[in-house]
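Generate coordinates for the entire structure from the input sequences, incorporating the hints supplied.
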Amino acid sequence: MKQSITLNKVTQLMGFGFLKPITALFTGKPQKEDIVNFLKKIVVPLLSILLFLGVWQGGSTALFNKEANFKIEKALADQGQAAADEMKACIASGEVSCQPNTLPSPSQVWVSFKTLLEDHKVITADKLAFKQKTAVMNEKRVAAGKDPITYTGRPSFVDQIITSLKTVFAGFVLALLIAVPIGIVIGLSETLRSSFNWLIQIFKPVSPVVWLLLVFMIVKTLTKDSNSDSAFIISFISVGLCSMWATLVNTAMGVSSVDKDYINVAKVLKLGPMQKVFKVILPSSLPLIFTGLRITLSVAWMVLIAIELLAQSPGLGSFVWEEFQNGAIDSNSKIIVAMFIIGIIGFLLDRIMLTIQNMVSFNKNEGV
Amino acid sequence: MAYLELKNVCKTYGDTEVLSNINLTIEEGEFVAIVGFTGSGKTTLVNLINGLIKPTSGEVLFKGQPVTDTSHERGVIFQNYSLLPWLTVGQNVFMAVKEAFPKENKTVLQQRVAEYVEMVSLTPAINKRPKELSGGMRQRVAVARALAMNPEMIIMDEPLGALDALTRGNLQDEILKIWSKDKRTALLITNDVDEGIYMADRIIPLKPGPKATLGPEFKINIDRPRDKTALNDNDTYKETRNAIIEYLMDIGEQRKSVSQETYVLPEVSPKSFVA
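As they're listed, the protein sequences go chains X and E. Numbering follows my numbering, with no gaps: position 135 of the first sequence is 138. Numbering follows my numbering, with no gaps: position 122 of the second sequence is 618.
In short, the hints are calculated from the structure, not lab data. Mixed in with the good hints there might be a few duds.
[To be verified] Not everything, but these chain X residues come out facing chain E in the computed CB check (under 8 angstroms): (1) Lys273; (2) Phe281; (3) Lys282.
By construction, the Cβ of each residue, glycine as well, lies at the ideal position given by its N, Cα and C atoms.
Here you go:
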């Protein structure tokens with residue numbers, strides 16, 4: 004019994020409250036209520052997923068037919084009946100060269116997903132082989148004071164995801180390091196708040212692309228004399244700058260709107276200024292700070308794709324763009340795979356932040 | 497020299513004069529209660545004395561020195577508990593103790609915390625957060641926090657208002673015990689006349705605001721320690737109580753008579769069941 008209570012608590016805390024019916028169904032005796040709950044919370048959402056897949060399938064079939072008809076008619080108009088028939092047969096046979104290029108169906112996307120995983124396995128094996136092959140030589144090179152030879156083959160899909168996560172994490176940490184301290188300082192002083200407000204209000208709505216260009220201008224000059232890869236630096240700084248505003252505004256608001264009762268307590272206990280900030284003001288504004296950080300992380304993940312796409316830095320963004328430029332028969336379905344992966348990772352990141360946020364939150368009226 | 501002295505103190509917020517012409521003298525070791533209606537500016541008066549706000553005109557003198565800031569010498573029990581919700585009971589008290597005795601080592605402080613938490617009988621809840629406590633328990637934590645700092649003067653702003661009768665009685669006794677042990681000075685703000693008479697040496701009514709001012713004082717000439725049950729039969733108690741209540745009722749009448757509205761009552765009289 005105790006176990007199921009903690010299980011419920013954890014799922015609740017992580018925002019996975021929707022899993023509760025399942026745990027209710029499998030821990031202990033299922034009640035009638037549990038079954039109704041199960042229908043409501045599990046079966047109906049599953050049906051909605053099926054509906055979504057159905058609409059998608061229908062839509063992609065319609066688009067496929069339209070594209071195919073257009074191709075056949077074009078062949079008929081340009082080259083005559085024989086070419087049109089040939090085209091029709093070619094499309095029906097599933098020949099790669101003449102397939103219409105349109106929205107892929109769910110099954111095609113699934114196949115592409117498996118292809119990408121397969122590709123990842125191949126590349127990992129390749130990397131390992133390369134490492135083994137060059138191990139001896141690299142040792143010699145290092146001993147001789149030269150740089151070791153590194154694998155320069157193309158990255159797999161999973162590598163791209165990891166790179167993207169690294170970039171977004173670096174950007175998030177940068178946003179946190181900039182926005183939280185500045186937010187606290189601004190929040191503490193009314194003068195500073197009103198004097199920096201214009202800056203925040205003006206820069207907050209600036210598009211990610213413009214931030215990227217600005218960072219590019221600066222980083223390009225700063226890294227002139229080093230030959231390190233500046234694409235990663237540019238993209239993570241841009242991500243940080245785009246996404247830090249929510250945290251900045253929330254922190255400043257949280258710090259400036261601390262409950263007057265707490266301030267009175269701090270005064271009556273005669274806490275020093277540092278103690279007051281760290282023991283009273285910061286803890287009481289933590290819930291708002293974390294709300295800000297949660298928004299920051301989701302914005303960071305969202306702008307990351309656009310920024311990677313433009314900054315030519317490796318990651319999911321450039322993967323999508325390369326596939327689009329590539330125009331191979333399964334490019335479109337690979338793009339859709341990336342879309343789902345981006346969505347799912349964004350969802351998971353949000354859940355992680357929500358969990359942390361719930362852990363530090365308290366109800367304002369609790370102590371009063 | 498009086499221990500605490502308020503000379504012609506006025507406090508205005510914007511255009512409204514909340515407190516006007518307050519004169520109050522408290523001698524060292526005295527227990528003074530101020531009784532007043534809700535909304536009569538009691539909390540403002542408390543904040544003036546503990547140094548959270550400054551008077552618009554007039555002076556607040558503590559041991560002959562003007563009060564400009566809060567001080568550990570004056571401990572405050574707030575009306576709305578004001579516990580920090582992210583700290584446990586023990587941590588809330590510890591924070592105060594640490595500030596009051598910065599030179600003591602941690603074990604001594606922890607012991608002091610335990611002692612005062614025990615005093616308000618919350619030892620089983622020492623590791624709980626305020627949200628897990630009932631209103632009464634929270635108020636007891638606030639009492640423990642203020643008293644653990646060992647202040648020379650205890651200022652209480654309706655400290656027991658939200659408590660049930662039993663806890664209330666216990667805490668009244670606890671506060672009295674601590675007050676009499678080191679002969680501290682205490683100022684109690686309350687809306688309960690009985691509580692005032694039971695605990696205080698003097699009761700001063702606060703006429704309702706705006707422009708609240710202090711009424712004539714009532715001395716309580718009942719020997720200590722006072723016995724709550726015996727008090728009900730004490731003639732001095734009854735007299736004082738009636739005098740204060742009459743005075744407060746009069747103020748209430750005056751306050752009511754400001755309203756010009758007249759109510760037409762139906763012409764009915766209670767039916768007599770006596771044949």
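Comparing the hints with the structure gives:
1. Proximity of X:Lys273 to chain E holds as hinted, the smallest CB-CB distance being about 6 angstroms (cut-off 8 angstroms).
2. Proximity of X:Phe281 to chain E is violated relative to the hint, the smallest CB-CB distance being about 12 angstroms (cut-off 8 angstroms).
3. The closest approach between the C-beta of X:Lys282 and any C-beta of chain E is roughly 7 angstroms, which is under the 8 angstroms cut-off, so the hint is satisfied.
The structure fails to meet hint 2 from the earlier list, while all remaining hints are met.
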